[in-house]
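Enquirer: Spelled out, the chains give:
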Amino acid sequence: MNQKRILIVYRHPPYGESFAREALDVAMAGAAFDQSVALLFLGAGVTVLTANQQSEGIQEKSLEKQFAALPLYDVNELYVDADALRQYRLSNADLSLSVKALDTNAITQLLERSDIVLNF
Amino acid sequence: MTNFALMVLGPPISTQAPQSALNFTRAALNAGHQVLRVFFFHDGVHCGNQWLIPPAGQQSIAEQWAELAQQQKIDLVVCVASALKRGVLDAGEAKRYGKSAANLHPAFALSGLGQWIDACVNTDRVVTFGG
Numbered sequence: 000m001n002q003k004r005i006l007i008v009y010r011h012p013p014y015g016e017s018f019a020r021e022a023l024d025v026a027m028a029g030a031a032f033d034q035s036v037a038l039l040f041l042g043a044g045v046t047v048l049t050a051n052q053q054s055e056g057i058q059e060k061s062l063e064k065q066f067a068a069l070p071l072y073d074v075n076e077l078y079v080d081a082d083a084l085r086q087y088r089l090s091n092a093d094l095s096l097s098v099k100a101l102d103t104n105a106i107t108q109l110l111e112r113s114d115i116v117l118n119f
Numbered sequence: 000m001t002n003f004a005l006m007v008l009g010p011p012i013s014t015q016a017p018q019s020a021l022n023f024t025r026a027a028l029n030a031g032h033q034v035l036r037v038f039f040f041h042d043g044v045h046c047g048n049q050w051l052i053p054p055a056g057q058q059s060i061a062e063q064w065a066e067l068a069q070q071q072k073i074d075l076v077v078c079v080a081s082a083l084k085r086g087v088l089d090a091g092e093a094k095r096y097g098k099s100a101a102n103l104h105p106a107f108a109l110s111g112l113g114q115w116i117d118a119c120v121n122t123d124r125v126v127t128f129g130g
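Chains A and B, in that order, are what the protein sequence lines are.
Residue numbering for the first sequence follows numbering that gives the first Met the number 0, beginning at 0 and increasing consecutively.
Residue numbering for the second sequence follows numbering that gives the first Met the number 0, beginning at 0 and increasing consecutively.
You may find that some hints are simply not true.
[Said to hold, decoys possible] Over 12 angstroms on every C-beta distance to chain A, these chain B residues come out as not near it, computed from the model:
1. Ile12
2. Leu28
3. Gln33
4. Gln49
5. Trp50
6. Lys72
7. Asp74
8. Gly86
9. Glu92
10. Gly97
11. Ser99
12. Asn102
13. Pro105
[Stated by the list, open to error] Quick list of the computed label-pair ranges, beta carbon to beta carbon:
14. Phe23(B) <-> Gln2(A): 23 to 33 angstroms
15. Lys84(B) <-> Asp73(A): 23 to 33 angstroms
16. Arg95(B) <-> Glu111(A): 37 to 47 angstroms
17. Asn91(A) <-> Pro53(B): 46 to 56 angstroms
18. Ala67(A) <-> Glu92(B): 28 to 38 angstroms
19. Gln2(A) <-> Lys84(B): 25 to 35 angstroms
20. Ile52(B) <-> Asn75(A): 27 to 37 angstroms
21. Lys94(B) <-> Glu111(A): 43 to 53 angstroms
22. Ser110(B) <-> Asp73(A): 18 to 28 angstroms
23. Arg88(A) <-> Gln33(B): 30 to 40 angstroms
I should point out that these hints are in silico values taken from the structure, not numbers from a laboratory.
Glycine is no exception: its CB is placed at the ideal position from the N, C-alpha and C atoms.
Chain B with its partners taken away, still in its complex shape (with noise of 0.2 angstroms):
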């Protein structure tokens, strides 16, 4: 069994990258590996927006893995410097700054690149999407 630490870097949307992770992290979980954080980066910080609308018949990135990481207890961290500047706010930051709502899905947490460096270090393996 292998430990994977994942990082995502692309849109949802605009780019394939947040869906490969998903197919990847299915994948593995599948295979018996474990995917412990994944960390949302970069533009991929837009996949914790539960306001995004999909097309129709299709389920929210968010929800997906909000639905995964439920199931399986995956980490799913926001990068809190890359989600400000995009405006991917939880009720704390929209609080601070003064908007007026939070955009954040309660399935992931903000928090610093400090976790992403400990889910590089306690983990078997890396793999990064976009980019």
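Extracted from the complex, chain A is given alone in its bound form (with noise of 0.2 angstroms):
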């Protein structure tokens, strides 16, 4: 199979919709078809880096737990918005995974250097 450079753009929440969970699900089908799989955290998308998630509390399980499963899955690339870090106030230290915050002229450079861009 051709190998393909994948972005995955997360621009929602962890909780109150499905979208990151279910976009969690397309980059791990893509590492495990040997596809080579990035994720981009946009706008809300952020705040599925937080660590310390309580999602008990809603009886749903936790999102920070299965991420932490991507480096068995060999994703190893993981890019946050940088404006949307100051905008949620968030720091390296409040988060789960260990991304690179890139600026505005990054995230278009990595945007033109993806084979394929699929949004969520």
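Work from the hints to combine the two standalone chains into their complex.
Expert: Rendered as structure tokens:
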């Protein structure tokens, strides 16, 4: 199978709707089929990355634990919109995953070098 | 000529996403392009429900896709994991889970995300609708 660079864009929060959860399924399926998968967190999507999520109170499984499995799938390229982090008053210390913060120009370059961009 | 794979994330009635995907497909085909596979994911799986009753004078989304797919040999795939959670079942799944009936339109097939990744790899361009 050819290998393509698939970029999965997160624009929705981790709970309250299921985009983040189902986008993670796509990321893992892509990696399982030997594609090069990267994730980009934009806007409200940056809240997916926050540490110490307590989802039991809303009868949901923790997404944080599921994201922690990404390295096992060789998904190691995680990018976040630096402006959105600032907007949500988050710093690296608040996040559960190791991500690279990108400015607008770097995000444009990331989109340009991806073969496929999937928006969730 | 460009080969497309489409992902539909939005449900019919509540969102415009399925109709936009249909309009895009018709426009692409009219311009001489091909749409090889449409993958219905997330709430988009409701597009495959043949029991939806459209407003008077409108054709249901499932019927529109079925007609187009038959004319143009488009593969209509509904994500099985997304579909089961939302009660979109074919005969096999209805039997497996002890449900009294199936509601998936026969023009659609239930399958896994591997079908989507395969479509991503083997087409020129991918477009998502909804989300």
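Enquirer: Are the hints correct? Go through all of them and say.
Expert: Checked hints:
At roughly 17 angstroms, the least C-beta separation between Ile12(B) and chain A is larger than 12 angstroms, which holds for a residue marked as non-interface. Against chain A, the non-interface label of Leu28(B) holds: every CB pair exceeds 12 angstroms, the least being about 21 angstroms. No Cβ of chain A approaches the Cβ of Gln33(B) within 12 angstroms, the least distance being about 17 angstroms, so the stated non-interface status holds. Distance to chain A confirms Gln49(B) as a non-interface residue, since its nearest Cβ pair spans about 23 angstroms, more than 12 angstroms.
Listed as a non-interface residue, Trp50(B) keeps its Cβ farther than 12 angstroms from every Cβ of chain A; the least gap is roughly 22 angstroms. For Lys72(B), the requirement that its beta carbon stay farther than 12 angstroms from each beta carbon of chain A is met, with the minimum near 22 angstroms. Here Asp74(B) stays apart from chain A, with its beta-carbon at least about 17 angstroms from theirs, past the 12 angstroms limit. With a cut of 12 angstroms on Cβ distances, Gly86(B) stays outside the contact zone with chain A, its closest approach being about 15 angstroms.
Every Cβ of chain A is farther than 12 angstroms from the Cβ of Glu92(B); the closest lies at roughly 18 angstroms, confirming the non-interface assignment. Remark: the non-interface label on Gly97(B) is consistent with the geometry, its nearest Cβ contact in chain A lying 24 angstroms away (cut-off 12 angstroms). The Cβ of Ser99(B) lies farther than 12 angstroms from every Cβ of chain A, with a closest approach of about 26 angstroms, so its non-interface assignment holds. The Cβ of Asn102(B) lies farther than 12 angstroms from every Cβ of chain A, with a closest approach of about 20 angstroms, so its non-interface assignment holds.
Distance check for Pro105(B) against chain A: the nearest CB is about 25 angstroms away, which clears 12 angstroms, and the non-interface claim stands. At about 27 angstroms, the beta-carbon gap between Phe23(B) and Gln2(A) stays in the expected band of 23 to 33 angstroms. For Lys84(B) and Asp73(A), the Cβ-Cβ distance of about 27 angstroms falls inside the hinted range of 23 to 33 angstroms, so the restraint holds. In this structure the supplied range 37 to 47 angstroms holds for Arg95(B) paired with Glu111(A), their Cβ-Cβ distance being about 45 angstroms.
The hinted window of 46 to 56 angstroms between Asn91(A) and Pro53(B) holds, with their beta carbons roughly 50 angstroms apart. The hinted window of 28 to 38 angstroms between Ala67(A) and Glu92(B) holds, with their beta carbons roughly 31 angstroms apart. Evaluation of the 25 to 35 angstroms hint for Gln2(A) and Lys84(B) yields a pass: the beta carbon distance comes to about 30 angstroms. Range check, Ile52(B) to Asn75(A): about 48 angstroms between beta-carbon atoms, so the 27 to 37 angstroms window is missed.
Range check, Lys94(B) to Glu111(A): Cβ separation about 48 angstroms, and the 43 to 53 angstroms hint holds. For the pair Ser110(B) and Asp73(A), the supplied restraint of 18 to 28 angstroms holds, since their beta-carbon distance comes to about 24 angstroms. As the Cβ distance of Arg88(A) to Gln33(B) is approximately 47 angstroms, the hint placing it in 30 to 40 angstroms is violated.
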